[in-house]
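K.L.:
These are the residues of each chain, in order.
Protein chains: 2
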Amino acid sequence: MKEIKIFCPASIANLSCGFDVLGLCLDNIGDEMIIRTVAERGIRITKITGADLPLETEKNVAGVAALALINEINPGCGFEIEIHKNIKAGSGIGSSAASAVGAVFGINELLGKPFSRKELVYFAMKGEALASGSEHADNVAPALLGGFTLVRGYEPLDIVQIESPSELFAIALHPQIEVKTVDARAVLHPMISLKSAITQWGNVGGLIAGLCTNDYELIGRSLQDVIVEPLRKVLIPGFDDVKLAALKAGALGSGISGSGPSIFALCKGEENAKNVSIAMSENYKNTGISFDIHVSRVNPIGVKIIN
Amino acid sequence: MKEIKIFCPASIANLSCGFDVLGLCLDNIGDEMIIRTVAERGIRITKITGADLPLETEKNVAGVAALALINEINPGCGFEIEIHKNIKAGSGIGSSAASAVGAVFGINELLGKPFSRKELVYFAMKGEALASGSEHADNVAPALLGGFTLVRGYEPLDIVQIESPSELFAIALHPQIEVKTVDARAVLHPMISLKSAITQWGNVGGLIAGLCTNDYELIGRSLQDVIVEPLRKVLIPGFDDVKLAALKAGALGSGISGSGPSIFALCKGEENAKNVSIAMSENYKNTGISFDIHVSRVNPIGVKIIN
Chain A
1 MKEIKIFCPA
11 SIANLSCGFD
21 VLGLCLDNIG
31 DEMIIRTVAE
41 RGIRITKITG
51 ADLPLETEKN
61 VAGVAALALI
71 NEINPGCGFE
81 IEIHKNIKAG
91 SGIGSSAASA
101 VGAVFGINEL
111 LGKPFSRKEL
121 VYFAMKGEAL
131 ASGSEHADNV
141 APALLGGFTL
151 VRGYEPLDIV
161 QIESPSELFA
171 IALHPQIEVK
181 TVDARAVLHP
191 MISLKSAITQ
201 WGNVGGLIAG
211 LCTNDYELIG
221 RSLQDVIVEP
231 LRKVLIPGFD
241 DVKLAALKAG
251 ALGSGISGSG
261 PSIFALCKGE
271 ENAKNVSIAM
281 SENYKNTGIS
291 FDIHVSRVNP
301 IGVKIIN
Chain B
1 MKEIKIFCPA
11 SIANLSCGFD
21 VLGLCLDNIG
31 DEMIIRTVAE
41 RGIRITKITG
51 ADLPLETEKN
61 VAGVAALALI
71 NEINPGCGFE
81 IEIHKNIKAG
91 SGIGSSAASA
101 VGAVFGINEL
111 LGKPFSRKEL
121 VYFAMKGEAL
131 ASGSEHADNV
141 APALLGGFTL
151 VRGYEPLDIV
161 QIESPSELFA
171 IALHPQIEVK
181 TVDARAVLHP
191 MISLKSAITQ
201 WGNVGGLIAG
211 LCTNDYELIG
221 RSLQDVIVEP
231 LRKVLIPGFD
241 DVKLAALKAG
251 ALGSGISGSG
261 PSIFALCKGE
271 ENAKNVSIAM
281 SENYKNTGIS
291 FDIHVSRVNP
301 IGVKIIN
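Chains A and B, in that order, give the protein sequences. Just so we're aligned: 33 in full-length UniProt numbering is position 33 of the first sequence, and the numbers increase by one with no gaps anywhere. Just so we're aligned: 307 in full-length UniProt numbering is position 307 of the second sequence, and the numbers increase by one with no gaps anywhere.
Please keep in mind that the hints were generated in silico from the structure rather than gathered at the bench. Quick caveat, the model's predicted, so the values are computed rather than measured. All residues carry an ideal CB built from backbone N, CA and C; glycine is no exception. Misleading hints may appear alongside valid ones.
Which stretches of chain A does chain B cover? Using the computed rule of at least three CB atoms under 8 Å from a CB of chain B, they are [stated by the list, open to error]:
1. 14-24
2. 153-160
3. 185-193
4. 196-202
No farther apart than 27 Å at their CA atoms in a straight line, the calculated lysine-lysine pairs in the DSS-like style are these [to be verified]:
5. A/K118 - B/K195
6. A/K233 - B/K195
7. B/K268 - A/K118
8. B/K118 - A/K195
9. B/K195 - A/K180
10. A/K268 - B/K118
11. A/K195 - B/K126
12. A/K126 - B/K195
13. B/K180 - A/K195
14. A/K195 - B/K195
Starting from the given sequences, assemble the full structure and let the hints guide the process.
P.N.:
Have a look at this one:
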């Protein structure tokens, strides 16, 4: 029996302009998982702490992702999975992605790495599909690969890794309210104006150029969303005010993390990030809604083994 | 009296996924202009060769752009402009942009460079507006700045320069047919699906990342347009066939240059570009339509003084 312990990072998807394609990996917010090789074939979830989630393999995000992987290579052994959740389900910072990613990464390590991290995205997406109803990679890709990731396309799956400028920090403020992914999807319009789409892809181009050239101001100017944020922000009480507070405190940009309710901000430097975090906290207290807030550098590595 | 001679490069706008925001500067295709300082204030177009264009300042793209510039700073002299066109009007490789850019660049040089190249984009756009009916920067920006340019946004105008990978070559095949910009605009739909917009901005992100990291394969995979090309290609006889011929001969990608009718391809290396150019020429002969074809490295500098 061999056993490893894994840190499964949270992630911020969309990043304003990059709806459904962009994401970044957080560093000090994440779940832990223990995965062990056992003689009996198959996948068993043996323990879950920190969340009320199903132990049945087929009903658990980590279980489904793990099954997708072992069904591909049919190893001569099985795996037990313990999940210790720190990322709250439905927070909008990639809780289900962290579980899916931890499972496929851990099993791949125990099997001697038959797959690259990029190849693991495919299996982790199968777990994500259980949580959200559709196979998407904008959280699992950054959690697996670290830094920023771009899902260039799905047919075929094409994930582009983009290194983060070294001084980039992220803040995630999680209001303790529930925004269901299905509701966050329902407010979107299936048709959008060509004009606003052009604005959006100009900003996507600007954000990628800014990340590639360490141009923090360009990153800030590009963190705009004229399509999704105007529709979704109504689901998040106090959104406009806390975003404004972040910008006033010097954040490069701010927006909705994933499908919400978490609100993210990006900052240059740790000190600025701490100031922005204080400003956002002070501001959000006005809503009367409980919240968590996290400050993290962008995680350059992604999911990893810890002792 | 002081006089300078200027090379005004052609340019390729849109580049498949980057409709209305991306462009690149060509190197060995362009107009020449002679601009001289004269005592009498104002702008006079004294000579035009190679095209049947109006000499009246207010009806000429170069004249309108030049007026926009001198109205801003009110110099104590005037300027005479000679225009020697090599880029055919309506070809889709930035003919009007070249004229607008040459005028503002030349006058700015003669005045001792009161404006940066980036600042000149604003004045050149005023000339473009005369030709196309709207102020757009996707041709004038690359012609002024060289390399690739991204128009991140117009409010305020935000032009991002992106250096070209050194081995990148462009081909422009110009069928001798007329596609009016107004007709090319008319086939577009004002509303598009969110799904196709996401595909498009994934590709814009991929193209920028590919350019920034010299990843030629990623550049190639990103040169896709699911929104504009399917609607506009019907205006260009033989488009699908010649695009396929380019790709078969090893082009990274191919699409419509600007609003057409020119067809562009991007290639890695001069040898491959020449082969692709031959394959496109051979193929396009089948249409029976006369055409020009140009092979050019991406011009890293943009408009320049010659002699």
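K.L.:
Quick check: do three or more residues in the segment 14-24 of chain A have a beta carbon closer than 8 Å to a beta carbon of chain B?
P.N.:
holds (count 6)
K.L.:
Between A/K126 and B/K195, does the CA-CA distance stay at or below 27 Å?
P.N.:
The given pair, whose Cα atoms are some 20 Å apart, holds under the 27 Å limit.
K.L.:
For the segment 153-160 of chain A, do at least 3 residues have a Cβ located nearer than 8 Å to some Cβ of chain B?
P.N.:
That given contact holds, which follows from 3 residues of the segment 153-160 of chain A lying within Cβ reach (below 8 Å) of chain B.
K.L.:
Check the hint pairing A/K195 with B/K126 against an upper bound of 27 Å on the C-alpha distance.
P.N.:
holds, 20 Å
K.L.:
So if I understand the rule, the pair passes when the alpha-carbon distance is 27 Å or less; does B/K195 with A/K180 pass?
P.N.:
Distance ~21 Å between B/K195 and A/K180 Cα, so the pair holds.
K.L.:
Within a Cα-Cα threshold of 27 Å, do A/K268 and B/K118 meet the stated pairing?
P.N.:
The hint holds at about 26 Å.
K.L.:
Between the alpha carbons of A/K233 and B/K195, is the straight-line distance 27 Å or under?
P.N.:
Satisfied, since the Cα-Cα distance of roughly 20 Å is no more than 27 Å.
K.L.:
Tell me if the straight-line CA distance from B/K268 to A/K118 falls inside 27 Å.
P.N.:
holds, 26 Å
K.L.:
Are B/K118 and A/K195 close enough, with their CA atoms no more than 27 Å apart?
P.N.:
holds, 24 Å
K.L.:
Are there at least three residues in the segment 196-202 of chain A whose beta carbon sits under 8 Å from a beta carbon of chain B?
P.N.:
With 6 residues close enough to chain B, the hint holds.
K.L.:
Does B/K195 lie within 27 Å of A/K118 when you go C-alpha to C-alpha?
P.N.:
holds, 24 Å
K.L.:
According to a criterion of three or more residues whose C-beta lies within less than 8 Å of a C-beta of chain B, is the segment 185-193 of chain A covered?
P.N.:
holds (count 6)
Going down the numbered hints, you'll see the structure goes against none, and every one checks out.
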